[in-house]
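Full structure from sequences and hints, please.
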Amino acid sequence: MKRARRNNRVTANLYDILSFPSADDSVSPAVPFRDNIKTFLSCHARVTFLPSLFPSLLTWQILFRIGDLVLDGPGISPVVLALDIVEEDVTKSPRSVYCNQCRVAGWSGHPVCKKRYHFIIRASSSSPADGYQRSCSRCGNWWLHVSSESRCMWCDPADDIEEWVYSQFEDNTHLLHGVVHSNGFGHLILVNGREGGSTVLTGSDIMNFWDRLCVTLAVRKVSVMDVSRKYGMEYRLLNAITKGHSWYGGWGYEFGCGSYAITLDAYKKAAESLSSVPLAPLLFRGRGPQTRLQALISFYRSLSDSDLVTMKDLFSFLFSLIHESNGSLTFKTALNNFKPAANILCAWTRDDAERVQQAMIKVLAAASGKANWVTRHALKGVMCKTASPELLDYCLKHLGGKLAAGGMAVQARCNHPNSFDLEFRLEPLSSKHNGNGLDSNQPSKEHVIGDLKFLFDSLVHPETMVNYRPLVTREDVIDSATKLLDCKQFMKDYNRPSKQMADNPFAIQLWCHVEFSEHLKEDPAIPPELIVLPSNGTVADLKTEATKTFQEVYVMLNRFEACELLDYGSLEDSITIKFLVGQSGTVRIKGTCPSKHALRHFRMEKGQEKLDSGLHVWS
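First residue of the sequence shown: 5, per our numbering; consecutive thereafter.
Note that these hints are calculated values from the structure, not bench results.
Check each hint, because a few of them may be wrong.
[What the hints assert, rightly or not] BS3-like cross-link-like pairs, simulated, lysine-lysine; straight-line CA separation at most 30 Å:
| # | residue 1 | residue 2 |
| --- | --- | --- |
| 1 | K457 | K272 |
| 2 | K225 | K119 |
| 3 | K96 | K247 |
| 4 | K582 | K96 |
| 5 | K552 | K42 |
| 6 | K272 | K225 |
| 7 | K492 | K247 |
| 8 | K552 | K610 |
| 9 | K492 | K401 |
| 10 | K547 | K594 |
| 11 | K492 | K457 |
| 12 | K492 | K225 |
| 13 | K449 | K389 |
| 14 | K42 | K610 |
| 15 | K552 | K492 |
| 16 | K96 | K272 |
| 17 | K225 | K273 |
| 18 | K401 | K366 |
| 19 | K42 | K582 |
| 20 | K492 | K610 |
| 21 | K384 | K366 |
| 22 | K610 | K594 |
| 23 | K96 | K547 |
| 24 | K42 | K225 |
| 25 | K119 | K457 |
[To be verified] Simulated restraints on C-beta separations:
| # | residue 1 | residue 2 | range |
| --- | --- | --- | --- |
| 26 | A284 | D461 | 48 to 58 Å |
| 27 | D20 | W352 | 48 to 58 Å |
| 28 | E394 | D480 | 23 to 33 Å |
| 29 | C388 | A284 | 16 to 26 Å |
For glycine and all other residues, C-beta sits at the position ideal for the given N, C-alpha and C.
Next up, the structure:
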């Protein structure tokens with residue numbers, strides 16, 4: 005794949021997924037999600053199936069380009085992605101009306117919403133090999149394919165297409181799958197970047213898009229179950245060590261709830277404790293031989309230009325090597341780009357370093373007659389009385405590629421994984437000695453990933469951890485790592501009331517809480533709904549809008565009717581709301597809902613509780 009010219013007309017009318025939706029594309033953050041989603045779809049999406057085709061589904065699609073990326077080959081063929089948006093009518097859906105994600109996120113007490121909106125980017129739609137447009141095998145028309153079938157939407161039986169659409173809700177190969185209920189509460193179900201099968205988008209690209217979309221649509225809260233893995237390891241644990249939070253924390257997702265009653269404070273302490281584990285005690289050998297774990301830690305400490313003091317330093321350094329190896333930068337650039345944890349005062353000059361390196365070259369020249377490689381450890385031992393350990397480490401790290409007399413140069417190699425140590429010798433100068441030092445002689449990306457996994461399994465993961473000392477440190481690591489692994493639920497709160505007020509100063513914005521005249525055995529936890537009224541809106545207008553809003557959002561409130569504004573005594577319906585609550589605020593509305601069956605069956609997302617022979621059964 006390559007970049008297209010700026011004047012490419014093929015993708016000129018497509019949105020760029022790397023920047024859409026922008027601030028200019030925003031609908032209105034002062035409007036609730038239930039209204040924003042309708043405006044967004046009418047402005048940016050197109051219907052993919054006739055609304056009459058399915059009883060419970062409405063489907064839209066938005067096509068995207070990816071920057072100026074096009075395919076290799078003759079002509080200009082843009083890389084196109086499709087975002088499928090599916091509106092699911094819960095009351096007519098053949099699937100369960102209840103939401104398992106709400107149960108896990110702590111929203112099981114919410115009433116069942118009428119609508120769910122699924123946002124899906126399928127992996128197949130990003131495949132340059134297949135293309136996205138196909139010709140129907142029956143009628144010959146070109147169409148945007150939605151399945152592996154060769155027939156278009158008009159030639160496929162409606163039941164088959166509907167079944168296929170529902171199957172997409174359970175497909176784990178999507179690049180993105182998020183769902184938002186009509187009350188604005190949502191769940192990020194899937195993000196699959198490079199390692200998940202994406203050929204054109206990274207996980208960060210997908211998360212950036214999802215985050216912008218949620219802001220634009222005024223989504224209220226989004227939960228995510230973090231079961232992400234990186235290089236075969238639990239990424240929520242790795243990221244907690246290096247960043248202090250989960251990978252999703254980079255987009256504002258915070259601790260939601262932990263297993264075994266783990267609190268936010270306990271989570272933070274576990275992350276801090278694990279990150280700050282010192283490496284020095286782990287390297288103490290006593291009279292025993294050096295273990296592979298100790299050798300590997302020492303090896304990467306010798307590679308780093310900064311002191312690797314803690315476990316966070318060690319894992320961060322390995323990640324920096326992997327990250328830089330993904331780009332065009334050399335391995336040595338990765339070493340130089342790694343930022344030290346602390347500023348170290350340099351106590352020597354360039355002349356000092358040159359003097360020591362020339363002495364090292366003499367040692368290598370003396371050993372060259374035997375055609376032996378000299379290990380870093382041995383070379384440092386020979387030179388131990390000529391300079392400080394810090395200066396020796398610096399000189400050894402930059403010795404590879406150093407020119408010597410007689411047309412010779414220092415060749416360095418990593419004999420990893422046998423010795424976990426650098427080795428040096430003098431060789432005749434050739435084209436492979438380009439002055440870049442250790443660039444081609446460092447461990448490969450695959451080796452670094454393998455070492456990262458070994459260190460993770462041996463040092464951190466409670467189930468695979470080796471018996472290292474000190475035992476107190478090992479027990480603390482087990483305790484902290486277990487807590488972090490038990491915390492999988494994270495959440496982001498998108499509510500920004502102050503921003504909404506700034507964007508719409510001529511409207512009254514009220515968070516409306518609902519109470520019922522009828523007493524329920526177990527009252528549902530109905531979230532307040534944002535209601536926007538004109539600045540001259542009255543009590544009657546509030547009742548009308550509250551009735552309409554809660555009927556539209558929740559199934560159980562299909563016949564709800566707002567009757568009374570609480571906390572203000574007896575009021576005339578003609579009184580202006582602004583005189584009571586100002587420009588914004590919170591109000592409580594009492595109402596009635598005659599539909600008893602709806603109150604039972606759709607009362608909560610966790611399901612209907614039945615009393616049967618003393619047992620509680622969830623339907």
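How the hints compare with the structure:
Pair hint K457 plus K272 holds up; C-alpha atoms about 24 Å apart against a cutoff of 30 Å. For a cut-off of 30 Å, the pair hint linking K225 to K119 stands: about 16 Å separates their Cα positions. Between K96 and K247, the direct Cα distance comes to roughly 45 Å. Violation of the 30 Å bound is thereby established for this hinted pair. Restraint check for K582 and K96: the C-alpha separation of about 40 Å exceeds 30 Å, so the hint is violated.
The hinted pair formed by K552 and K42 meets the criterion: a straight-line CA distance of about 16 Å does not exceed 30 Å. This hinted pair checks out: K272 and K225 have alpha carbons roughly 22 Å apart, not beyond 30 Å. With a C-alpha separation of about 16 Å, the suggested pair K492 and K247 falls inside the 30 Å cut-off, and the hint holds. Distance restraint check for K552 and K610: the Cα-Cα separation of roughly 25 Å lies within the 30 Å cut-off, and the hinted pair is therefore satisfied.
About 40 Å separates the Cα atoms of K492 and K401, which puts this hinted pair outside 30 Å; it is violated. A C-alpha spacing of about 10 Å is found between K547 and K594, which places the hinted pair at or below 30 Å, so the restraint holds. In summary, the hint linking K492 to K457 is supported, as the alpha carbons are separated by about 21 Å, within the 30 Å threshold. Annotation: proposed proximity of K492 to K225 holds, straight-line Cα distance about 17 Å (limit 30 Å).
At roughly 35 Å between alpha-carbon atoms, K449 and K389 are farther apart than 30 Å, so this suggested pair is violated. Using a Cα cut-off of 30 Å, the hinted pair K42 and K610 holds, with the two alpha carbons roughly 27 Å apart. At roughly 37 Å between alpha-carbon atoms, K552 and K492 are farther apart than 30 Å, so this suggested pair is violated. A hinted pair counts as satisfied when its Cα atoms are at most 30 Å apart, and K96 with K272 does not qualify at roughly 44 Å.
Restraint check for K225 and K273: satisfied, since their Cα atoms lie roughly 25 Å apart, inside the 30 Å limit. In summary, the hint linking K401 to K366 is supported, as the alpha carbons are separated by about 17 Å, within the 30 Å threshold. Restraint check for K42 and K582: the C-alpha separation of about 28 Å stays at or below 30 Å, so the hint holds. Simply put, K492 and K610 have alpha-carbon atoms about 20 Å apart, close enough for the 30 Å limit, and the pair holds.
Note on K384 and K366: the hinted pairing holds, with a Cα-Cα distance of about 13 Å set against a maximum of 30 Å. About 24 Å separates the Cα atoms of K610 and K594, which keeps this hinted pair within 30 Å; it holds. Our distance criterion of 30 Å between C-alpha atoms is met by K96 and K547, whose separation comes to about 28 Å. Of the supplied pair hints, the one linking K42 and K225 holds, its CA atoms being roughly 19 Å apart against a limit of 30 Å.
For the given pair, K119 sits about 43 Å from K457 by alpha-carbon distance, which is inconsistent with the 30 Å threshold. About 21 Å separates the C-beta atoms of A284 and D461, a value inconsistent with the hinted range of 48 to 58 Å. The beta-carbon spacing between D20 and W352, approximately 51 Å, falls within the hinted interval of 48 to 58 Å. About 30 Å separates the C-beta atoms of E394 and D480, a value consistent with the hinted range of 23 to 33 Å.
Evaluation of the 16 to 26 Å hint for C388 and A284 yields a pass: the beta carbon distance comes to about 19 Å.
Figure legend: structure checked against the earlier numbered hints; hints not met, in rising order: 3, 4, 9, 13, 15, 16, 25 and 26.
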